[in-house]
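There are 4 protein chains.
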Amino acid sequence: MPRLDETAAGVYIIAVTPFTDTGAVDLASTETMVEFYLARGATGLTVLGMMGEAPKLSGAEAIAFTRQIVRRVAGRVPVVVGASSPGFAAMGELSRAAMDAGAAGVMVAPPGTLRTDDSIAYFRNVADTLGDIPFVLQDFPQASGVQIAPAVIRRIVDALPSCVMLKHEDWPGLNKITWLRDAEGMRRISILTGNGGIFLPEELRRGADGAMTGFAFPEMMQGVVDAHFAGDPQRASDIFDAYLPLARYEQQPGPGLAVRKYILARRGAIASDAQRTPRSALNQAEIAEVEFLLARQSDRLAAIGAAPRD
Amino acid sequence: MPRLDETAAGVYIIAVTPFTDTGAVDLASTETMVEFYLARGATGLTVLGMMGEAPKLSGAEAIAFTRQIVRRVAGRVPVVVGASSPGFAAMGELSRAAMDAGAAGVMVAPPGTLRTDDSIAYFRNVADTLGDIPFVLQDFPQASGVQIAPAVIRRIVDALPSCVMLKHEDWPGLNKITWLRDAEGMRRISILTGNGGIFLPEELRRGADGAMTGFAFPEMMQGVVDAHFAGDPQRASDIFDAYLPLARYEQQPGPGLAVRKYILARRGAIASDAQRTPRSALNQAEIAEVEFLLARQSDRLAAIGAAPRD
Amino acid sequence: MPRLDETAAGVYIIAVTPFTDTGAVDLASTETMVEFYLARGATGLTVLGMMGEAPKLSGAEAIAFTRQIVRRVAGRVPVVVGASSPGFAAMGELSRAAMDAGAAGVMVAPPGTLRTDDSIAYFRNVADTLGDIPFVLQDFPQASGVQIAPAVIRRIVDALPSCVMLKHEDWPGLNKITWLRDAEGMRRISILTGNGGIFLPEELRRGADGAMTGFAFPEMMQGVVDAHFAGDPQRASDIFDAYLPLARYEQQPGPGLAVRKYILARRGAIASDAQRTPRSALNQAEIAEVEFLLARQSDRLAAIGAAPRD
Amino acid sequence: MPRLDETAAGVYIIAVTPFTDTGAVDLASTETMVEFYLARGATGLTVLGMMGEAPKLSGAEAIAFTRQIVRRVAGRVPVVVGASSPGFAAMGELSRAAMDAGAAGVMVAPPGTLRTDDSIAYFRNVADTLGDIPFVLQDFPQASGVQIAPAVIRRIVDALPSCVMLKHEDWPGLNKITWLRDAEGMRRISILTGNGGIFLPEELRRGADGAMTGFAFPEMMQGVVDAHFAGDPQRASDIFDAYLPLARYEQQPGPGLAVRKYILARRGAIASDAQRTPRSALNQAEIAEVEFLLARQSDRLAAIGAAPRD
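Sequence lines, in order, name chains A, B, C and D. Take 1 as the starting number for the first sequence in this note's numbering and just add one per residue. Take 1 as the starting number for the second sequence in this note's numbering and just add one per residue. Take 1 as the starting number for the third sequence in this note's numbering and just add one per residue. Take 1 as the starting number for the fourth sequence in this note's numbering and just add one per residue.
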């Protein structure tokens, strides 16, 4: 199996975890979802992330879900597994099981209780726990409450060879990307960006290698990334702008996952938009808002000749 | 002088505070800025808000600035003055001085140390301090760290007749607007929305009366509000979508004010984009990003027949 | 097996989890530790709490440790198992396994991401997950970041019959106890208090039923509780004051657990003060401070005729 | 007038601000309070700190209060003035007025919105604002939410010669003192400790120069500091332990100031325990608790031959 390394680029989709209306992991939807993502430009998949409802799965379910994903992907793209955990024992267990199942690497966010200056010690413990498993440092202050300065990220990267990627979702964070890319003598890592993709054009121009996020239209990230690397920033922004009203709406912290699953179900990627408890379903006003945005988005995409694959 | 009441609607612009390059309040720019805002659809002005660098002014400067604004506005629109303060003595002093100068009301955000359940007691103290001065409750959890549940807002409104408006910038907060508008028997208040306007079309459809925010193109808020109340949601969204890429960029917490002042200076509203310490000026990469977005925005506005007044 | 109910009182010790110097759960020390706690007045044991390094155990280890504890206790006192978890699936799994193993109930703290007003919904989900398993609501704002107002606790208790106890460690929280004990018509629950016991005399006088905390001298809690219920507040305070300098030192957030394990090892309750990563061992200055306090404590206890069982 | 420098030591009392029952600054009590503090061992006074209700005073009141304090002190000890402010303009105004009035220096805590890594830039701005006014860096993460690592404090001290003292109230923070005292080549600063004095013996042994806190029995801090510097740690702890039950009670975040003012009024230092809004008065249960602790404290002090001057 290929292992994640610093050359990772493109669009790593943060996959949802499909559930049936009775709350079981939806095995059939897991299969269709993988095909949906791969057909729309995913160059990698990330499962059991924050938007993958990871904490709602039991340990056994998490492993089984990872196995099914890896089996279906069948080596077409690398699979990254979220392994953040309040303790290193559980982190190590899940990570080893994920790698045994064929994952390419794992992703770890620091716990919210971390004092800033302990970040280096924390990730040293992560690296010790993971051994030679390559890992992604998830830097998401809005969710974790932990601020990691660019110079601290650099020290982590310099000290820990198994840290091969930064999932960048500090906000605002454009200058952080620039700082890392300009840092003289710093070992290269892959930088993929999150935040629902709503700063993707600027992030790419600052030096990001692509996106790792789960917006329900992977075509947006694929289109923006492709146009960017083809040297056509206007085209990248044409595509981005067409999707932005919906991407903005989906990125709302509370109902965001409900929006995402609603659209994925509507597009046939998964059978149901069900979430496990604690859940948030769309109310009528929200559904109307999403439908309004979807209709306008279709028109706009048609106008620029970039209709999604549906 | 007119006093702020629950009928307030339209576009209340959160004014910046113009400084000269040597750090003095820029009196000439204060005059041109007022005309700039009024010519682009402002139905009210709010000064000394968070984005108005209020804490960087001495007490005497804050009063003098308020006086100049009110004098220039000359009754054309109401002026609201930010009066948030760690203590009630200073809040009362500034508020009375502002009303003496001709302001229509004041705006108060809770201190970050407030426990949620103390919100009602806090605003009761605010109302006691202000006497009969009408005030705006600023609900901005991302900045203040204080969560105020809809039911608590209702209790504040029911208990305190001088609370006439909610500046709504909870995020996500669409359902909060709906809750307040559907609350049976609740006294009507004006609801204007903040957050740089990036949810304005949805907020209006949920029952907001307009916007209170400072995006450097007031034409966006004016156009969206006008089209909404004219019953044309598609037109409202056409205008909104054309400005959204830049509005999104300007709303970044850190460099946001620098972006706003850069554009206002570029448009001639103020002479300089200078901030007082602590300041954040745009670097070259950021300027290039803003210029790229401005050029695309002009094209898009031309395409929909909605060029800004420049 | 007896089930936890609202009559629980006395001293529930928050047990540490003993590790060997190589990081394995120390099975022999688990046995001696149980006897140590029971011989010094424990009327209940709580395992896998925050100070029990619960997140550092794998799921299988947590279950095995619970089983061993329950087996050794052999019905002499009830055993409560910490079941806080970022997800309900894991919470349910661990809770059912704990009850199958013979636990009397479980303890749940809310996740730090909870907005205050969602507390009721959260614990409703907890109760749904747990079915008829009795649970302790852990109210520890300093650790969880979640403020739960007394009126909200009351609503939780009124709505959820399986909530039988409050572990009170809001700080300052004396008036919260009074509020709950004075709340007319509220169903009775047990209230045991935490925070290392450093407000225990006052908490008992306000209406608490005892302590649930892990100070390395259970004799302190036993002595204070016994003297209080015997109607001798001066004796309760004599005992409390003798232990207070050390209890204060042990309650420091960072090194606190290291202090506790150091003393427990020194007293023979466990073989080693080892912690699993992330760990904090005492440095030489800290050891000197603890030894200085221990020596003075012995003298003071001798002076009041209350030497600990060592 | 003497200026604060790195030799400052002993007991700097954080003074309360006395109010009359109608809410005016109590001029007569200001005079008696100064004499009360000086007669009980104060080697310095700090006014307008967090526990001095500083934000509740208008700017003019703050200056007038400072002037009165300095006049009454009449050069017997240095006076430090709290100058923390959300903006540098107000900080500069108050600081210059305080120095004009005869203060020895000012104290500044960082604003809660500060990201850790911006601490150095922030205090550089402070130093620029203050010019040659000596200042105290207040490091109080529990109140400010800002963590400042020891290495960052060192960099601030090394960069800013006008930073002459650390008010240390990180908690737990003993190792921070040791780190700073062991830092090779670091310029010496005075370190005085806060937190109500409840770690004072240990802090002194780690290298602190004394206390800067406002416990209502300055005799405690004086006694502990004197015994420590006389080389008698047992005597220092005898005194400390006698006061600890009450010091612990007074240090509760919410009612703490009400406890302190209640005792100061009871001891005749001030005429009334009134606070300005938002205020918290002691209820009957709290008064009973304080009286219980005071009676026991008197007995204990008599037993060790260390009765307070009353």
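Just so you know, the hints here were simulated from the structure itself, not pulled from any lab data. Hints may contain errors.
Said to hold, decoys possible - Computed, partial: chain C to chain D, Cβ under 7 Å:
1. Glu202
2. Asp241
3. Glu289
Computed from a prediction, not measured in an experiment: that's the story for all the values here. C-beta: ideal position from N, C-alpha, C; glycine also.
Checked hints:
1. Hint status for Glu202(C): holds, given a least beta-carbon distance of 5 Å to chain D, under 7 Å.
2. Contact between Asp241(C) and chain D, as hinted, is supported at the beta carbon level, the nearest pair being about 6 Å apart and thus within 7 Å.
3. About 5 Å separates the beta-carbon of Glu289(C) from the nearest beta-carbon of chain D, less than 7 Å, and the hint is met.
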